[in-house]
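Engineer: Use these hints to put chains Y, W and B onto chain U, whose structure you have.
Chains as they are written, first to last, in this note's numbering: chain U, 1 to 448; chain Y, 1 to 448; chain W, 1 to 448; chain B, 1 to 448.
Misleading hints may appear alongside valid ones.
Copies of the same chain look alike in the list, so a pair counts if it fits in one copy or across any two.
Claimed, not checked - In silico SDA-like pairs for lysine to any residue, Cα to Cα no more than 25 angstroms straight-line:
id, residue 1, residue 2
1, K380, R56
2, K380, V88
3, K446, E28
4, K380, R394
Everything labelled a hint here was simulated from the structure, so no lab data went into it.
Below are the chains, spelled out letter by letter.
There are 4 protein chains.
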Amino acid sequence: MGLFDGVLARGGARAAVADQAWLAAMLEVEAALARALARAGVISADDASAIEQATRVVEIDINALGAEAAATGNPVVPLVETLRAAVVGPAAGQVHRGATSQDVLDTAAMLVAGRAIAVILEDLAAAADAAATLARAHRDTVMAGRTLLQQAAPVTFGLKAATWTTGLDQAAERLAEVRRTRLAVQFGGAVGTLASLGDDGLAVLSFLAEDLGLAEPLLPWHTERTRIADTAGALGSAAGSLATVALDIVLLAQTEVGEALDTSAGRGGSSTLPNKHNPIAAISALACARQAPGLVATLLASMAQEHERAAGAWHAEWRPFRDLLVTVGSAAAWTRDGLEHLAVDPSRMRANAVMTGGLLLTESVATALAPAMGGPAARKVVARAAAAATANGRQLLDVLAADAEVTDVLDPSALARLLEPEAYLGSAHSFVDRALAAHDAGRSTKPA
Amino acid sequence: MGLFDGVLARGGARAAVADQAWLAAMLEVEAALARALARAGVISADDASAIEQATRVVEIDINALGAEAAATGNPVVPLVETLRAAVVGPAAGQVHRGATSQDVLDTAAMLVAGRAIAVILEDLAAAADAAATLARAHRDTVMAGRTLLQQAAPVTFGLKAATWTTGLDQAAERLAEVRRTRLAVQFGGAVGTLASLGDDGLAVLSFLAEDLGLAEPLLPWHTERTRIADTAGALGSAAGSLATVALDIVLLAQTEVGEALDTSAGRGGSSTLPNKHNPIAAISALACARQAPGLVATLLASMAQEHERAAGAWHAEWRPFRDLLVTVGSAAAWTRDGLEHLAVDPSRMRANAVMTGGLLLTESVATALAPAMGGPAARKVVARAAAAATANGRQLLDVLAADAEVTDVLDPSALARLLEPEAYLGSAHSFVDRALAAHDAGRSTKPA
Amino acid sequence: MGLFDGVLARGGARAAVADQAWLAAMLEVEAALARALARAGVISADDASAIEQATRVVEIDINALGAEAAATGNPVVPLVETLRAAVVGPAAGQVHRGATSQDVLDTAAMLVAGRAIAVILEDLAAAADAAATLARAHRDTVMAGRTLLQQAAPVTFGLKAATWTTGLDQAAERLAEVRRTRLAVQFGGAVGTLASLGDDGLAVLSFLAEDLGLAEPLLPWHTERTRIADTAGALGSAAGSLATVALDIVLLAQTEVGEALDTSAGRGGSSTLPNKHNPIAAISALACARQAPGLVATLLASMAQEHERAAGAWHAEWRPFRDLLVTVGSAAAWTRDGLEHLAVDPSRMRANAVMTGGLLLTESVATALAPAMGGPAARKVVARAAAAATANGRQLLDVLAADAEVTDVLDPSALARLLEPEAYLGSAHSFVDRALAAHDAGRSTKPA
Amino acid sequence: MGLFDGVLARGGARAAVADQAWLAAMLEVEAALARALARAGVISADDASAIEQATRVVEIDINALGAEAAATGNPVVPLVETLRAAVVGPAAGQVHRGATSQDVLDTAAMLVAGRAIAVILEDLAAAADAAATLARAHRDTVMAGRTLLQQAAPVTFGLKAATWTTGLDQAAERLAEVRRTRLAVQFGGAVGTLASLGDDGLAVLSFLAEDLGLAEPLLPWHTERTRIADTAGALGSAAGSLATVALDIVLLAQTEVGEALDTSAGRGGSSTLPNKHNPIAAISALACARQAPGLVATLLASMAQEHERAAGAWHAEWRPFRDLLVTVGSAAAWTRDGLEHLAVDPSRMRANAVMTGGLLLTESVATALAPAMGGPAARKVVARAAAAATANGRQLLDVLAADAEVTDVLDPSALARLLEPEAYLGSAHSFVDRALAAHDAGRSTKPA
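Chain U extracted, bound-state conformation:
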């Protein structure tokens, strides 16, 4: 684990994309290729076995491989040489048959991505479950709704958590779809014709895809990178959906707001301040999610690849693709952690909701006045009362109760009821209920 990995590479995605995992995937591709070649009758079953066996026992020095990669521009060339040397007998000559370096690296990237996405989906699902649990538990917990970071009108914490749930579910659904449909085998040989396999190319391609559990593409996608871009886009969306949850948590945990607390034991201390209790999980989630957009941009900008294989743009994908999986995976793991350890304080929520002496309910009063005096006039009357209450430090109720234009329409008890946040929640409960029903049914969107 690197110096910054505790913060920036949490969860299983880091291991899923580590050098060892990548190397293992490349060897899996070579083994699967040998099997596919044998199945298509291009090489013998014995040769395939010998190659497969070698991929299991060959010892690779990643450090050396990395260094040798500089000579040819990728690590597959020295890997294939090492593997050939490890194969007993004439099968050595059949290693990597028909393939080009990019075939192996791209296919390995798809395997690696598939596994990393599986880990990410697990954390996204757990995070969404935790958010749904919060939404259910706090379906009726009233709090101030805030727009542009100003208190605006009442909401429930349930509504906020349900919105988190839906966002996470939508991101997960897209990511799962990408995993299911867009991760494909790459196999085209030097220039995408599979020429060295004569007429057997398509059969080998098909067997290879089947063997590895990846989609079979219509044709090689050496320079047609929509698969990479779609994966990047889905990861970028996921990062954003995680970031907005984490940002809300950090804002709710502010000392002056105090509505949420990260309850993880032994976490959040400061090197200098004994009083601090930082919401580390949410903060770290934000830190990780923020790195995604730049990485997505790099991958999208690398899509313009020349002719049959690119002069640099392909190589430019390797690091950002890996880093994107790690940083989104880490954001997911941290957000899950933050949600699973989130304690909310309903009494503080209610206290904050009424701290302005009723200003949170101005729309409620204006809406009640509107039928009698018209919407714009009602808003003006209430705005005037709100300004007076603010300026003089009075409760809005008192100011309104002293305003004849208001009392002509509403009696004191009606006014008081209008200023209860619980009474002005509109469809909040219904929204929560349908969002939770969808979540429970494994959907992120409303059924058509």
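Structural biologist: Chains Y, W and B alone, transformed into the frame defined by chain U:
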């Protein structure tokens, strides 16, 4: 049309996202809202008619609206005021009932995006058709396949054009899916509870979605921006798939390559050079596509939105969302244009393919030698011959024919056949055929 | 003014980069070129006068120019044709002599950028002055320092505002340096040799630079874009320095914090909520600043330009370069506005600072205990007391005063003094004083 | 060395920013802080020695440190604990005195950046020297100038290489300036007041800066990140200047162009194609440089940091800052390598320049005709001839010599001279000479 729009804002997307289009969409939303309110029984049918009528006749000074937007942070507030003033009678008070500014702007953005994407899809489809036509016409046109911008082995121009087709089709398919599933109405009122509508909120939401032909979301998505992000991601993928086509065209059109020509009449001249014939369409497509990744990154980075409505991140979406639609639309229009006017020169393609005296076929010879001498040894023999041919300016055929290791295995006529590019195309034709079949069937991927 | 320009294009930068400004700059370049050609003896003084005169009276239809630009890939070709047609007599043939389209467009871009940056620098300077005024006025205003959005230890508002000042000054200093040293004339002719001017090229280049008040480059920079990149980088830094100020303001203005208020009359209202008072200036500044990083990335990614003039990457600069100037200019104008209208509430600041019953001063107590019991032990004792105070809702003072380990070292009055935020400000005043002295002296950094 | 590091992390920058280097820098900061505290009289000289000694001998398990960092959000907290445990005697309590975690990490980042930039500057300087050597050697080597990837008019390879030189020099100059002026010590304690040091804070700050050879900031820059942004911007510019060189090399090395060759022994082979000779250095440089813009964008987008220390945006800087140094360093190392091993082929350059039968010189002819017939008319005549020559496969000279409008002005021998590329180079030599003079004098720009 602005100074740079001829180059950077080609096609219909510019008009689809222009201020006038945006304004019209906002008025459509207000009209549809009035109808939905009436249908839900919140307001009278007469009031709805009066509002609808006003949206049709109200005259808006966009310049003034833009200026007034500065006071409240968005153009909806002054728009609603103007609209109210245009409504005859008491219905004025029902304008915008239950909605917040972001409801109108977001829903209008979805309408605008839907229309712009329709235009883009049309250009993408035409571009893919043009590429497919080229692939069909040049299924057998041999050319040099190039990897890392070096001639590598033979391909067909059909294979290249088929790969373009598939890339464009995949981008279009995703964009169409986003349009179908991710463009949703926004309606939540001030804080997402629709409180001012009492118990009628969900009914109005549902009617509004139906009226506008947009999806109905589970709950308001004021700060849950996966819909924007998914749209941005799909546009980013499309930009990349367009860019790789355009880049190939520009490279094929190089004076020294000369395999492709932009045949548009009256285009591509230079202010100083009478001899120039620039492939303007492809160049402009590249210029437009290159602007997408940064815009996507801005939209993704804006996903972290605070609480019930964001303090800046929402506003930060407006310009990049619009610019992204324009620049991808323009890239699509230019690429379509470039493909529809692309002339390729098969004789120059073949001439280039044989210009190195057979070096393009080294893999072919090595593959033929491999059964007898093993793959690695075969590659070494051929590499030695290739180096000798290059160093001494000789034809590869002559060098090989003088090499006993080679002639032990292959006789001169076999050697000559191996050095014909037409004889070493592997699965190129099959790939083209299945790609075209899929394109004709309206698919971008292989059926499962 | 466009629909969103009230929010997203505030201040003078929009006008400075508008089509009209760009067109005027291109005509200035053509006029200056004519003068330089005459001065170098390439054309006659009369011809230069005729051309100059034409640049003043020619009427250009920007709409038509934009449309015609599509044929050649840039608007200079049709502009030159129009200008030639407007020149009386044989001088028409001397229009644009020696230049290529990119010479005119790049040089005009430098003029436009110089003017836009001048506007931005004015707003940055005014913003920094406003911040400095706040720092001076609130040198002694105590408030809670917040780290990771948790109250941590006392600071002064003066320190915060001084940090804003220094950030803005540093951004301005760099931007001014870029304007002074990196805005250069572009003049190379078709391929950078100025061949059509024979031996007179360098003289014309030199005169042209002098005439326009731009730097003279060593050689043409048609594809050497560090000047654009450096300008973009400086604008990106400025955006970030503005964003961090605006973000602080938005956070301070939160209802629950209430330490800052945007006092602009008639601004910040909501379409639905009469009680809202949104800090529109800071919010808009954030919205604008957030768009900069993606634009900078696009400009940096466009630096790789081919050979003598690029096939798309140059064209890809136009819109992001312009948009970057606008969005940073708008962020500067809004931040200036926000700072000039910022009211802070010292009593609320102090109330917030003591709201946790002394927890803000735990470091102060720990530091006082450290000499007697060692730093780590002291921190442990204080952390224990802080936890107890938090858990039981007691004042930290009371808990500490009941702890024998503490009272062994500190008597009650010493303890009480340690819990006064005013007594634990360290070097805050000194930092403010030296920052203000530097600002007053026109420096953003400490003199060596 | 990681799997991809041979390609993506060449040169010394990778080691300069490795975990070990970062850890060493953090320990240096703690040691320097102890010395500064002693010099200011805050702690004893003996305590400082004990701490300094411990920083030299303490054994840190980076893996464990990384894991523990998750609890507090950064690796400094566990590092300080480990260091304290390694200090003999009471000095342990003085470790990290007055500092906060970010002080140590930011200052270490500046040390690390300074060292990485030193390595990068060395490679940039060597690359510029290699380019200058090429420019000098090929001052008179004529080749086709290419605009929009079409042959346009003659240039010299010297001019191209001189432009590379100037671009690299400008990037290096800015990067050196950033290193000299913008790398500063960070020291503010918990909230930037240095309160725990009482009145001694500024003295310690000043001594610390002096000790570490870093600039002393006016005040803490915990959330004022223009220093990071300026460094990122300079690295981004450098990446672009490297990319444009590398792109030119890759384009010149195309099989059909053949003007440049990467002569490194044992490099550029292919896993399947014995004939390939890929310009690996330039390709890898492009791959590395392409990753910079997205990383710069992430760093710029992270500048908006809250209050006294940020909740995530600071942590979001760590990986992109490091990766940016590595990828730009690697691009510099590869470009240097590519330039130092670049062989150009003057005869192929000339052959390409004349391959179009004179079309490269159309401007030359038009310029010569212009005095007699006017510029536009001259261009028309030549364009007509160029079109005829292209259409009929004739030499331009022959077509022109048969055109009475031409021969009225120019006799056959004059025409022939005009079609010599050597005769139409304008100021190319002068540009090269002044660029080389500036390079030799250590300047990247023209003296004022």
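Engineer: Checking an output row: K446 and E28, CA cutoff 25 angstroms. Within, between, both or neither?
Structural biologist: For K446 and E28, the Cα distance is within 25 angstroms only across copies (24 angstroms; inside one copy 41 angstroms).
Engineer: With 25 angstroms as the alpha-carbon cut-off, assign the pair K380 and R56 to within, between, both or neither.
Structural biologist: neither (77 angstroms within a copy, 28 angstroms between copies)
Engineer: How do K380 and V88 come out at 25 angstroms by Cα distance, when the copy is not named: within, between, both, or neither?
Structural biologist: Between copies, since 21 angstroms is at most 25 angstroms while 89 angstroms is not.
Engineer: Between the shortest in-copy and the shortest cross-copy C-alpha distance, which are at most 25 angstroms for K380 and R394: within, between, both, or neither?
Structural biologist: This pair counts as within: shortest intra-copy Cα distance 18 angstroms, inter-copy 44 angstroms.
Of the numbered hints given earlier, the model fails hint 1 alone.
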